[in-house]
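A.B. asks: Protein sequences appear in the order of chains A and B.
Take -5 as the starting number for the first sequence in the working numbering and just add one per residue.
Take -5 as the starting number for the second sequence in the working numbering and just add one per residue.
Nothing false has been slipped in among the hints.
Listing some non-contacts, in silico: residues in chain A with all C-beta distances to chain B over 10 angstroms:
1) 11
2) 76
3) 78
4) 143
5) 148
Sample of chain A residues at the chain B side, in silico, Cβ under 7 angstroms:
6) 56
7) 110
8) 285
9) 296
If you are wondering where the hints come from, they were derived from the structure by calculation, not from laboratory data.
In this text, all values refer to a predicted model and were calculated from it rather than measured experimentally.
We treat Cβ as the ideally placed atom computed from N, Cα and C, and that holds for glycine.
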Amino acid sequence: MRGALLAIRRRRLLLLGAAALCLLATPALLLPDFVTYDLAYAGVYAIAILGLVLLTGFSGQISLGQGAFMAVGGYASAILVATSGWSFYLTLPVAGVLATVVGIVVGIPAARLTGIYLALATFALSLAAPALLKEAVPLTNGARGIVVSSASPVGPLSQEQSQYLLCWGVAGVLLVVAVNLLRGRFGRALMAVRDSEAAARSSGINVPLYRAAAFGISAFCAGVAGALLSDLAGFVNPDSFGPQLSISVLVGAVVGGVGSMLGPVLGALFVEFLPIRAQDIPRIGTAAPAVIEGLLLILVVLMAPTGLAGLLARARGWARGWVVRHRPRATGPRGVEPPPAELRGVAMVIDARVAEETEVRQ
Amino acid sequence: MRQLAQQVVSGLASGGIFASLALAFVLVHRAMGVVNFAQGEIAMFTTFIAWSLLETGMPYAAAFLLAVVAAFAIGVGVERTVIRPVERGPVLATVIVTIGLATVFNGLAGAIWLYMLKAFPSPFPARTVTVDGVAISDQDLGLIGTSLVVMVLMYAFFQHTRIGLVMRAAALDPVTSRLLGVRVGWMLALGWGLAAMVGAVSGMMVAPVVFLEPNFMQTVAIYALAAAVLGGIDSALGAVIGGAVVGVTVNLVGTYLGSIGASLRLVVALAIIICVLVVRPSGLLGRPDAQRV
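Using the sequences and the accompanying hints, generate a full structural model.
C.D. replies: If you want it as structure tokens, here you go:
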């Protein structure tokens, strides 16, 4: 019985996965290259936001410093490609691992801080990163940054299509890994730490260890995102990883929804396309993105704290309720006609047998 | 030696600037235990209001006072509309709302006053006194004096007035205060209003030193944050001491570390924030944070 259920769920999952893949692949082939390119950027944001959602949404640690970890990954990849001649694809895991190490180093002292103090410390980190990058000239080439030639496209695809598929492919893999990670023992422990540190500790969870690990995982995502960003932009410089980037990632996480795995995708699309659209508003021109972004950020926190993903879930629940309420009265659950009166006894017997069987199997 | 003394004096002067904005951070943190990331931007916005008033030919004193009153209104208004719904919620919500506010004020200032540099007059005469070879300008003295005056006023307000006492009670124990008839929500709004006033004063002190443009308070806000954290983010005296220490340290680093010093000033301030938070989160004079489980 359970096996059958699982098989159905697995088939549904496979179908969902296939549908998602098709959805992902279509824009790359149908849309003009500049839109595909913007979408690739959104993929990078999705990865960085995923890292922040894991950290803030699931381990309860506020971080305003995601841009600093992206800088580690971005510079690692750019240096390896530009000066050591590595293939860009090989630098991705290296960037991720390096950022993870930095993340854990930051996470160990950060585990002692909570709430507003952690927000302050990570904010300081995001501000310090560009200044430090400007000073470490031998490694980073200072304010001028490093130019990298983007990786050559795969097969018959154009540069943008190839980048798009890479970014969203990586985002998809990381999302699936994150979902599985959160479903298991690790995720439960993390959420326990978030909900009550004292309760988690008294159930034998090593709180500082989990906090630092969450920082490491979050930094891994940021590092990979930073590396992809360096390939997309074709260069890295200290200002590409300034506090504005950290704030954009935070905005994406909050607007998308910090408690959901759909959040990063929705938040990334929002952060990438809002400034582009808002610039078209006449008269207020360049100030519009900032004002709209800020107002939306406030509105989301006040009115929809679960973000777009939460709104979507609520809409789905509402729609389901509507369907149930408007179903014709005569039919039973799931639209099955109630059996004729003379067969009811038989049905009851069958039901009882099924119940017995399941009991035995379990 | 003389150069050192000179750098210490000008460091103290910038410390005065940092201290006055740090006092604004302290006011909000005292009232509700959060840091207002929009504090610098609100100060920037009210300084622009003062600039517009001055442009109409209004005398400095009147423009100064009106800008401070406008700042109070903005602070109270902001607290009542967008902070109030999250004031008992998680810290993350408040932090995000204040970041949103910072973005909004910055964008608004850009839309209204554009991004061109504007000169802002100083209230202090441009005289310089030389003491033993060390030049001390009235500007320096004015900046140090202003932060001390603001601190003393704050101290007097909280320790020697009824409303100050009520505000302290509301922050310390909101539930009991409410039972005793204190309108806790309005006390928090008052705290935000006062913080915005103090911020406006610091904005109008900074603007003559640097030029006026929508981003001019951002670096100052970071140094002020470092000062507030160093002093213990609950303590007014701590904020002033922190301001002086940060001002002098940053100035000495800028002078004596040669070419890298200039751009490392910010890093030093941020290192101060991180070190204090990790080693002693309550700072020099703050009360340690205890949590009931």
